[in-house]
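Using the sequences provided together with the hints, build the complete structure.
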Amino acid sequence: MKIYIVEDYQQLSAKAASIVASQVILKNNAVLGLATGSTPEGMYSQLAQMNREGKVDFSEVVTFNLDEYLGLSPDHPQSYHYFMHHHFFNHVNVSPRNIHIPLGQAKNIAEFCLEYEQKITEAGGIDLQVLGIGANGHIGFNEPHTYLKLQTHAIDLTEETIEANSRFFFSPEEVPRQAVTMGMGSIMKAQRILLLASGKNKAPVIKETVSGKITTELPASFLQLHRDCTLILDKEAAALL
Numbered sequence: 022m023k024i025y026i027v028e029d030y031q032q033l034s035a036k037a038a039s040i041v042a043s044q045v046i047l048k049n050n051a052v053l054g055l056a057t058g059s060t061p062e063g064m065y066s067q068l069a070q071m072n073r074e075g076k077v078d079f080s081e082v083v084t085f086n087l088d089e090y091l092g093l094s095p096d097h098p099q100s101y102h103y104f105m106h107h108h109f110f111n112h113v114n115v116s117p118r119n120i121h122i123p124l125g126q127a128k129n130i131a132e133f134c135l136e137y138e139q140k141i142t143e144a145g146g147i148d149l150q151v152l153g154i155g156a157n158g159h160i161g162f163n164e165p166h167t168y169l170k171l172q173t174h175a176i177d178l179t180e181e182t183i184e185a186n187s188r189f190f191f192s193p194e195e196v197p198r199q200a201v202t203m204g205m206g207s208i209m210k211a212q213r214i215l216l217l218a219s220g221k222n223k224a225p226v227i228k229e230t231v232s233g234k235i236t237t238e239l240p241a242s243f244l245q246l247h248r249d250c251t252l253i254l255d256k257e258a259a260a261l262l
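Under the working numbering, the first residue of the sequence shown is numbered 22, with each subsequent residue one higher.
The set of hints was computed from the structure by calculation and includes no laboratory data.
We put the CB at the ideal spot given by N, CA and C, even for glycine.
There's no promise every hint is true.
In silico DSBU-like links for lysine-lysine, alpha-carbon gap of 35 Å or less [stated by the list, open to error]:
hint : residue 1 : residue 2
1    : K228      : K256
2    : K210      : K48
3    : K48       : K36
4    : K140      : K76
5    : K76       : K170
Between beta-carbon pairs, the in silico distance windows are [said to hold, decoys possible]:
hint : residue 1 : residue 2 : range
6    : Q99       : E143      : 27 to 33 Å
7    : K221      : K23       : 39 to 45 Å
8    : A156      : I26       : 17 to 23 Å
9    : L135      : S39       : 22 to 28 Å
Right, dumping it as structure tokens:
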């Protein structure tokens, strides 16, 4: 596990963008695993700028997103489909046919999850997986539990996650109670993993993530077992290391 500590969110975003861009430059048809949330927004903005300047070409890139709320349509303003197009896909030359995001309104969610895993396999697996981290240690929507599922699956969100995500909705009552997410096995199969964390509220969970104790009660702790995992932290998120 490699850890880079940078001064602030702007430097974090620039560092993350440079790593993703390098992956695409080295392999023009790279398979990227992408995350949503406020933390990677700056990275997406930087990558869009690099694309406009001709520094990186996404035309052959294939993407798979980590998760989506169950029950939200792709055009819902708080869906992760909407987020990804608004913050990234609408601003780069990625081909629509190469974009994969879990479908929150799938009629048969179990069947959809199996098909999603198959598509990742058919694409050759994920070359670089970008992750954020929840204050309770979840990655994707793999919540703390007595056990964790390996593959893409539907999951009940914890009250802590619902409360944290309520800032994006008018009230906590509007936050979906379930989501579909890549499993821990899906994430750990990626050739490389890049986790981003910013802000003092993430400092305690970052400390626990790298502490050496691996537990399903802190899903992010499993990243210690990955062969090529990089953390980029601003000073506030790294304050307890």
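Hint check results:
Taking the CA atoms of K228 and K256, the gap is about 13 Å. The hint holds against a cut of 35 Å. Between K210 and K48, the direct Cα distance comes to roughly 18 Å. Compliance with the 35 Å bound is thereby established for this hinted pair. Simply put, K48 and K36 have alpha-carbon atoms about 19 Å apart, close enough for the 35 Å limit, and the pair holds. Note on K140 and K76: the hinted pairing holds, with a Cα-Cα distance of about 29 Å set against a maximum of 35 Å.
In summary, the hint linking K76 to K170 is not supported, as the alpha carbons are separated by about 38 Å, beyond the 35 Å threshold. For the pair Q99 and E143, the supplied restraint of 27 to 33 Å holds, since their beta-carbon distance comes to about 30 Å. Between K221 and K23, the C-beta spacing of about 22 Å breaks the proposed range 39 to 45 Å. A hinted range of 17 to 23 Å for the beta carbons of A156 and I26 is consistent with their spacing of about 19 Å.
Restraint check, L135 to S39: a C-beta distance of roughly 35 Å breaks the suggested window 22 to 28 Å.
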